[in-house]
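Take the given structure of chain G and dock chain U to it, following the hints.
Protein chains: 2
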Amino acid sequence: MPELRKDPIIGRWVIIASERGKRPCDFKNIPESQSQAFCPFCNGNEAMTPPEVLAYRHAGTKPNEAGWWVRVVSNKFPALSPDGDVVRTGEGMYDMMNGVGAHEVIIETPDHDASYATYEQSQIEEILWSFRDRMMDLRRDRRFRYILLFKNHGREAGASLEHPHSQLIATPTVPKRVQEEVSGALNYYRFKERCVYCDIVKQELDTESRVVAENDSFVAFEPFASRFPFETWVVPRAHEAHFENIQKHHIMDMAKVMHTVFSRIKEVLNDPPYNFIIHTSPCNEPDLAHYHWHIEIMPKLMKVAGFEWGTGFYINPTPPEQAAAWLRGELADEIPQIPGANIPPKKQAV
Amino acid sequence: MPELRKDPIIGRWVIIASERGKRPCDFKNIPESQSQAFCPFCNGNEAMTPPEVLAYRHAGTKPNEAGWWVRVVSNKFPALSPDGDVVRTGEGMYDMMNGVGAHEVIIETPDHDASYATYEQSQIEEILWSFRDRMMDLRRDRRFRYILLFKNHGREAGASLEHPHSQLIATPTVPKRVQEEVSGALNYYRFKERCVYCDIVKQELDTESRVVAENDSFVAFEPFASRFPFETWVVPRAHEAHFENIQKHHIMDMAKVMHTVFSRIKEVLNDPPYNFIIHTSPCNEPDLAHYHWHIEIMPKLMKVAGFEWGTGFYINPTPPEQAAAWLRGELADEIPQIPGANIPPKKQAV
Numbered sequence: 045m046p047e048l049r050k051d052p053i054i055g056r057w058v059i060i061a062s063e064r065g066k067r068p069c070d071f072k073n074i075p076e077s078q079s080q081a082f083c084p085f086c087n088g089n090e091a092m093t094p095p096e097v098l099a100y101r102h103a104g105t106k107p108n109e110a111g112w113w114v115r116v117v118s119n120k121f122p123a124l125s126p127d128g129d130v131v132r133t134g135e136g137m138y139d140m141m142n143g144v145g146a147h148e149v150i151i152e153t154p155d156h157d158a159s160y161a162t163y164e165q166s167q168i169e170e171i172l173w174s175f176r177d178r179m180m181d182l183r184r185d186r187r188f189r190y191i192l193l194f195k196n197h198g199r200e201a202g203a204s205l206e207h208p209h210s211q212l213i214a215t216p217t218v219p220k221r222v223q224e225e226v227s228g229a230l231n232y233y234r235f236k237e238r239c240v241y242c243d244i245v246k247q248e249l250d251t252e253s254r255v256v257a258e259n260d261s262f263v264a265f266e267p268f269a270s271r272f273p274f275e276t277w278v279v280p281r282a283h284e285a286h287f288e289n290i291q292k293h294h295i296m297d298m299a300k301v302m303h304t305v306f307s308r309i310k311e312v313l314n315d316p317p318y319n320f321i322i323h324t325s326p327c328n329e330p331d332l333a334h335y336h337w338h339i340e341i342m343p344k345l346m347k348v349a350g351f352e353w354g355t356g357f358y359i360n361p362t363p364p365e366q367a368a369a370w371l372r373g374e375l376a377d378e379i380p381q382i383p384g385a386n387i388p389p390k391k392q393a394v
Numbered sequence: 045m046p047e048l049r050k051d052p053i054i055g056r057w058v059i060i061a062s063e064r065g066k067r068p069c070d071f072k073n074i075p076e077s078q079s080q081a082f083c084p085f086c087n088g089n090e091a092m093t094p095p096e097v098l099a100y101r102h103a104g105t106k107p108n109e110a111g112w113w114v115r116v117v118s119n120k121f122p123a124l125s126p127d128g129d130v131v132r133t134g135e136g137m138y139d140m141m142n143g144v145g146a147h148e149v150i151i152e153t154p155d156h157d158a159s160y161a162t163y164e165q166s167q168i169e170e171i172l173w174s175f176r177d178r179m180m181d182l183r184r185d186r187r188f189r190y191i192l193l194f195k196n197h198g199r200e201a202g203a204s205l206e207h208p209h210s211q212l213i214a215t216p217t218v219p220k221r222v223q224e225e226v227s228g229a230l231n232y233y234r235f236k237e238r239c240v241y242c243d244i245v246k247q248e249l250d251t252e253s254r255v256v257a258e259n260d261s262f263v264a265f266e267p268f269a270s271r272f273p274f275e276t277w278v279v280p281r282a283h284e285a286h287f288e289n290i291q292k293h294h295i296m297d298m299a300k301v302m303h304t305v306f307s308r309i310k311e312v313l314n315d316p317p318y319n320f321i322i323h324t325s326p327c328n329e330p331d332l333a334h335y336h337w338h339i340e341i342m343p344k345l346m347k348v349a350g351f352e353w354g355t356g357f358y359i360n361p362t363p364p365e366q367a368a369a370w371l372r373g374e375l376a377d378e379i380p381q382i383p384g385a386n387i388p389p390k391k392q393a394v
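Line by line, the protein sequences give chains G and U.
Per this note's numbering, residue 45 is the first one in the first sequence, and the count goes up by one each step.
Per this note's numbering, residue 45 is the first one in the second sequence, and the count goes up by one each step.
Isolated chain G (complex conformation) (with noise of 0.2 Å):
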């Protein structure tokens, strides 16, 4: 079983998984052409993977069979696994406790050429309603304090096969960089009795140039302070603490406006790698004023270097403003500068 130990200084957890060691690497060592014969995610090959968890599948087909449009089972190589009490323990000095958690994968589609950039809108709409089903079936084990949704999209951005999929960690803590985000909204809550990030949405609409995309329910921008070249964020207009309360029609904007957003990166900087992650509220936390839940896209573009471990800074060579004009399509003409990136020059009109 995977251990979770702390960092005595400044309470960082690491989760020590020495199965995850051996865990295969597609990108690496099959030729592409095999690539699908071999994908454990592709349909057909169901007996490859863990028994599923849930399936969205046509009437009539049978589980572990071919036959769904989106289907979740357990890592085969879990950072945490689901058996057992949580037990904490000292050794000397240190803190740890046993690795206690839930770790799934969501096959988006059967197709492994997709992505967001070309799924159909209602593709998304079905792989959202897994992300909200998963999340309401983990937050009654009473076990979790966080469910975090994450997508790693293309080697660089840490994926290890390439047929499209998210995963799922439900972990025994809050995690430090959840806590630090509810407590920094906390703040500013108390002093201002606002949501930090309603302001940050009025703001935005307000200033308009590092807006993205917008529809009834949601916005998509570049924030003020972006880590990174095209960090972009998905924020619904309304307030809600917790993803996981999100309605019917929330759900079709919000697919509609991550479709528009992932086809404008894919456009504009070359189908690049990219994480994006599910900001929500701890399992156990009411529906707070403070925290507002939204989904963070960061296109991994730069290498995080020495600077930024040493300081928690990051240096970005793309304004936020002018990432946003290029998402929009208003210097289709230039091509963005960042060193190291895959970006290839613009064909010229003739």
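Heads up, a few of these hints could be off.
Treat identical chains as interchangeable: a pair holds within one or across any two.
Said to hold, decoys possible - Calculated lysine-lysine pairs in the DSSO-like style (CA-CA distance at most 30 Å, straight line):
(1) K310 / K106
(2) K310 / K50
(3) K246 / K106
(4) K246 / K220
(5) K220 / K50
These are computed hints drawn from the structure, not numbers from a lab.
For chain U alone, coordinates are given in the frame of chain G:
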């Protein structure tokens, strides 16, 4: 001039530095055979860099010409600029300041192909003296609150030039990551009335299993809660808050332990990319009883992905006890299993 912008939720600062977008990356564009002719850091190419701010050179040689063994210049594409006073302003709900600071490059050797694993011990001592000299000089400038010394080795670790160099960035605010560490150490001190790093050194020496190397003044070990496979800390045995107070015999012992650690990392992991960072006290702090300077070395064998970004947790497939045994040479027949890392199979003994 670069601009510093503050995230309104968690207080993270970001440097928006458009000029950095224009810096070249020699890993991609220049054939290896020609790289020394075009390398701005090689002997004889001094005119290709900004003028030197410090150089250790042979008697009779002139500034900005050949004849040096360590040379420090301003970064040609600086993240922060040394001109003017720090001006803090607002934009609606957002906070920002102008990007005042210093960004220097320490060219560690005239030898394009050397590294910490191959330097003579005396060369490492000279590099450490240059780190100290630049910190002593820059801390007199009252605009600077923190001086970060770090190294990016290899493209995957964020280096854009191959020639061995370290960097120094002086910032007009104490970085969040440093504040966290100093205040985490203060919490421990208030509870125990002991320095947390002194306690760690004691426990590591007692336990032995994570120790990689030691001598009279320094201990190198894999931290209990290692974020990454083969993360290694080098900590002085004696309590000292500021790196720049280091004495001559400590420099010699530090060079010795660094040489051992980097040679072993190179051998076991096939010259991996890595970052190292000197963690030291903010400029204006007195000799804190609760903070203890040290070096953190992080080989870059794995990608940081969505889970790490979303939680601040890290998933590490290599237990630090095992990494230490490898670095001590006790597991010479086995290969570390790290997905995606470029570690070649061992040669079979005949």
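Structure-based check of each hint:
1. With identical chains, the CA atoms of K310 and K106 are never at most 30 Å apart, being 36 Å at best within one copy and 52 Å at best between copies.
2. When the C-alpha separation of K310 and K50 is checked against a cutoff of 30 Å, the pair qualifies only between copies, where the shortest distance is 28 Å, while the shortest distance within a copy is 38 Å.
3. Neither within a single protomer nor between protomers do K246 and K106 lie at most 30 Å apart by alpha-carbon distance, with minima of 48 Å and 59 Å respectively.
4. Taking the closest pair of Cα atoms, K246 and K220 come within 30 Å of each other both inside a single copy (28 Å) and across two copies (27 Å).
5. For the identical chains of this complex, K220 and K50 are neighbours both inside a copy (11 Å) and across copies (19 Å), given an alpha-carbon limit of 30 Å.
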